[in-house]
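Visitor: If you want the building blocks of each chain, they are given just below.
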Amino acid sequence: MLATLPPVDFPPVVPPIAGRVEQSALSFFVDVRPGQEEELRAELQAISGDPAGNDVLPFGELAGVHFGRLVLLDAYPAQGKRRAYPAKLCLLTDFDGELDDHVDDVLDTAGAGLDRLFRHCEGYPVGAGKRSASAAARGAWLRDRVVRTNTLYVNTVGRTVEQILQEAELHDAIDAFLDDGDWTDASPRRVRAAIQDFVNSRHDLGWAMAPLPERTVRDWIRGAPGLAKTPLAIAASAPLWIPALPVWAATLLAKEATDPTEDDLEPDEAHDAALAALEDHTPQNQFTAHGFVKDGPFRNLTANVLLRVVDYITRYSFNRGQLTGVTTIHFARWVFTDEDQTRLLFASNYDGSLESYMDDFIDKVSWGLNAVFSNGVGYPRTWLLTIGGARQEDNFKDYLRRHQVPSQVWFSAYPHLTAMNIENNAQIRAGLVGEISDRECEKWLARV
Amino acid sequence: MSNETLDHDDIQGLLAWGYGHLPSAAWHLMKVTDRRKAARWLSTTTELVTTAAGESPKDVAINVALTPSGLTRLGLPGSVLDGFSPEFRGGMTTEHRQRVLGDADQRAPKHWQWGGPQNEDVDLIVLLYAASDAALAELEGQVLGDAVAIGVSPVRRLDTTWLGDREHFGFHDGISQPAVAGLRPGRPEDTIAAGEFILGYENEYGKRTDRPLLEPAADPDGLLPTAAENGELADLGRNGSYLVVRQLGQDVPGFWRFADAASRHNGGRSSGSPKQAREALAARIVGRWPSGAPLTLSPEGDEPALGSENDFGYHDADAEGLKCPIGAHVRRANPRDSLEPRPGTSDSIDVNKRHRLLRRGRTYGDPITPEQALTTGTTGTGDDPRGLMFACVCGNLARQFEFVQHTWVNNPKFAGLYEDPDPLLGPAGGTLTIQAKPVRKRVTALPEFVSVHGGGYFFLPGVRALRYLAALAS
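Going down the list, the sequences are from chains A and B.
Numbering (my numbering) for the first sequence: 459 to 906.
Numbering (my numbering) for the second sequence: 9 to 482.
Worth double-checking, as some hints may not be accurate.
[Said to hold, decoys possible] Here are a few chain A residues that sit away from chain B, every Cβ distance over 12 Å (derived from the structure): (1) A594; (2) H661; (3) G684; (4) S775.
[Stated by the list, open to error] Partner residues aside, some chain B positions facing chain A, computed with beta carbon under 7 Å: (5) E210; (6) Y213; (7) A325; (8) L347; (9) E348; (10) P349; (11) K361; (12) F411; (13) H414; (14) T415; (15) V417; (16) G424; (17) Y426; (18) P446.
No lab work stands behind these hints: they were computed from the structure.
Please read these numbers as outputs of a predicted model, since none were measured by experiment.
Ideal placement from N, C-alpha and C gives every residue a C-beta, glycine not left out.
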């Protein structure tokens, strides 16, 4: 059975590069006041008309935001032994820099505009009579509800919005320059020199001739503690978990054999239509899914450990343009939406259609997705967390669609660029300066 | 891959053959007007339906497929209909599906001649083939004779014109087809699990695609086959498939005029005659030469000896697209071994195998040569007198037809490109990037060569399922 696991090439772990800004994620959840859902939904509807520039929360005016979304999770009535959950408003962003600075930016830029969203939410310091919350009260309230993002995937760590937009401009300018010339008999080096001259002649592209900082020994020294922390913690705790492993595996196998699935359930037609209405308007799409983690401390522990491990791997290994061969995901995250860790949310920004995205999941990352998702209630049956699961195509696709929720507001800073475009643009810029071999020169020209 | 035995005599012949021996064909779109009479007609016609048993017929062929409204009008309960795929149930013209299929602007279903929201309902399609036009007329009379008596009335007759193995732009077509395991032999890269095309069997994931499975009470006479995964249940889908039909107009004058004009300055080869230059550019749009020779194997000029050649990959021979442009039509409609994961390996081909289509289209309208085309005004969109009655068969509309259309054909970002939808099928304004040394050439502002005039999703049932459907109303 193990033979069915596809080979995975883990890129070597690398530390961050000094001088390049790292990406972070904001995850903010708040309960909606009972009976306020529809007013809030109307507010979200209005914002969705202009996610970048609206006067409530203008994502496009925030510094360095790659993607942002506002999601309204429906209330969940008590069922069986499950408690009731009020409706929740989620604010999720992927941005350049530190979380604290970003939260300050949100508060400063949106200011009182946020009242229109948050006045529908529990505990927000503005009543019906008051006109507005004080900046201090608003800030404290918001910061209180920001939670740690459990697992974050960033397509390329260290690549900022500014860089992405600049390099797209560079690509387009070089495209137009090449279109205007006849290069049939030119040598590769002459073409490269002509492109360099052209870029040099364009003052607005001057930045492109300045190389980006490269990884140095100093980065390795500075980054070593971060790189080593998780492996060391795993090694140090080995005397604890190695003896427990057989028990854990036996427990897991027993649970996997009997956990109920939802294989017989089909997506609801109206739900499907509501989701489809938000999809395939640009080359990019958003995906948000929400569901219960299987009950009990065993699954809670398993999910938490896996989220940590995957977070480590994505931060230090899969941080350069691909996730086990999938080159279409810009940002993705897993985060618990409730303090008691009973429900998990998955949110991603990707290229292409949901169908191609799910096919990539199944064909290229099924084992990794299975490991986390199989701790969710109703997931198609797995064996030792990794085998099966998503490979049961129809059941898996139905499961995802049924747990998917509409992202009422979605913002992308570069909706016309795929992750592959962005990577190619970055390589064009990287090869613009410096000495390169004839072969490298030919390969570089194949990118422009 | 499992080696399940196929029920050849329950599978409609369209899954096995394109009926190349039968040059005369007409596809009739019909509407049920009287449920009981229609059921009797279907019952009679079912016994005439051509199956996959034996050889491709030499005299006539008859196949029948139904839309959701057709199934409903015959009396299939909604709860059973729900067992079909959402794409089939929703139909080709939903707002979201228009984005997926690229049916925007002039291609939008509201402009269609059939199958659109403004057009008459289509309940079923009767595909008739014969060895001659006279024999076809006779067959039409025999099968569809008196509309009032049979309870199904004609909505539209989709005419076809036999061009042999050519399509209207003048290229050898239909060369690359998947071989359905158990139906016909093929090279390993093209041999696809039966369940990819025929419901009820294992697909490339080793699973059986969802389809309506009925409680025994719903099939008291045991007309239906039983489900392979559960012998208690009757399988309405088994030996059936989904049929996609789209009427694609082809602006042949527009195509050759553009190739001629563009190859004079920015396309194709700079040397050679104007004819060679425009053929070279046209070949880069298509990915094969008019003879069918793949550019990957014959990049410099047409090589008729390679006209039916299909045994090649892209990765080893031409990973960079220097021979066949990465965005060329055939390279994106069937990328073979060129995509992730691990291009050039069986891993890449395995993924490709999950997105194959069994094409069963026929040309329509009178042909003109490229030379005639150059002296004729472009027909523009919406009024082409000729084109392709595109048809394909697949077991999973979302993962096969719609995926190919959206992720590969229409996608301007295909394989790392920027603004290059399919140069042959794409909307106006696209770019064809021709990878070259020292740098690529770009053919920009491509016109729209292909327009959409109609379409629909159909269920192509097994013969026993047809009998079951016919019995619903009696």
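Visitor: Confirm or reject each hint.
Guide: How the hints compare with the structure:
With a closest Cβ-Cβ approach of about 45 Å to chain B, A594(A) is found to remain outside the 12 Å limit, as its non-interface label requires. For H661(A), the shortest C-beta to C-beta distance to chain B comes to about 24 Å, beyond the 12 Å cut-off, and the non-interface label holds. The beta carbon of G684(A) sits about 29 Å from the closest Cβ of chain B, which is more than 12 Å, so the claim that it is off the interface holds. Its beta-carbon lying about 17 Å from the closest one in chain B, S775(A) satisfies the requirement of being farther than 12 Å from that chain.
Interface restraint check for E210(B): the shortest CB-CB distance to chain A comes to about 12 Å, outside 7 Å, so the restraint is violated. Hint on Y213(B) holds. Least Cβ distance to chain A is approximately 5 Å, under the 7 Å limit. For A325(B), the shortest C-beta to C-beta distance to chain A is roughly 16 Å, which exceeds 7 Å, and the interface hint is violated. The closest approach between the C-beta of L347(B) and any C-beta of chain A is roughly 10 Å, which is over the 7 Å cut-off, so the hint fails.
For the restraint placing E348(B) at the interface with chain A, the shortest Cβ-Cβ distance is roughly 5 Å, inside the 7 Å limit, so the hint holds. Hint on P349(B) holds. Least Cβ distance to chain A is approximately 4 Å, under the 7 Å limit. At about 11 Å, the closest approach between the beta carbon of K361(B) and any beta carbon in chain A exceeds 7 Å, and the interface hint on this residue is violated. Interface hint at F411(B): satisfied, since its Cβ lies 5 Å from the closest Cβ of chain A, which is below the 7 Å cut-off.
The interface hint given for H414(B) is met, as the beta carbon of that residue sits about 5 Å from the closest beta carbon of chain A, less than 7 Å. Because the closest C-beta pair between T415(B) and chain A is about 4 Å apart, less than 7 Å, the hint holds. A distance limit of 7 Å between C-beta atoms decides the matter here; for V417(B) the minimum to chain A is near 12 Å, and the interface restraint is violated. With a least beta-carbon distance of about 4 Å to chain A, the hint placing G424(B) at the interface is held under the 7 Å criterion.
Given hint, Y426(B) at the interface with chain A, holds; its Cβ is 6 Å from that chain's nearest Cβ, closer than 7 Å. Checking P446(B) against chain A: minimum C-beta separation of about 5 Å stays under 7 Å; hint holds.
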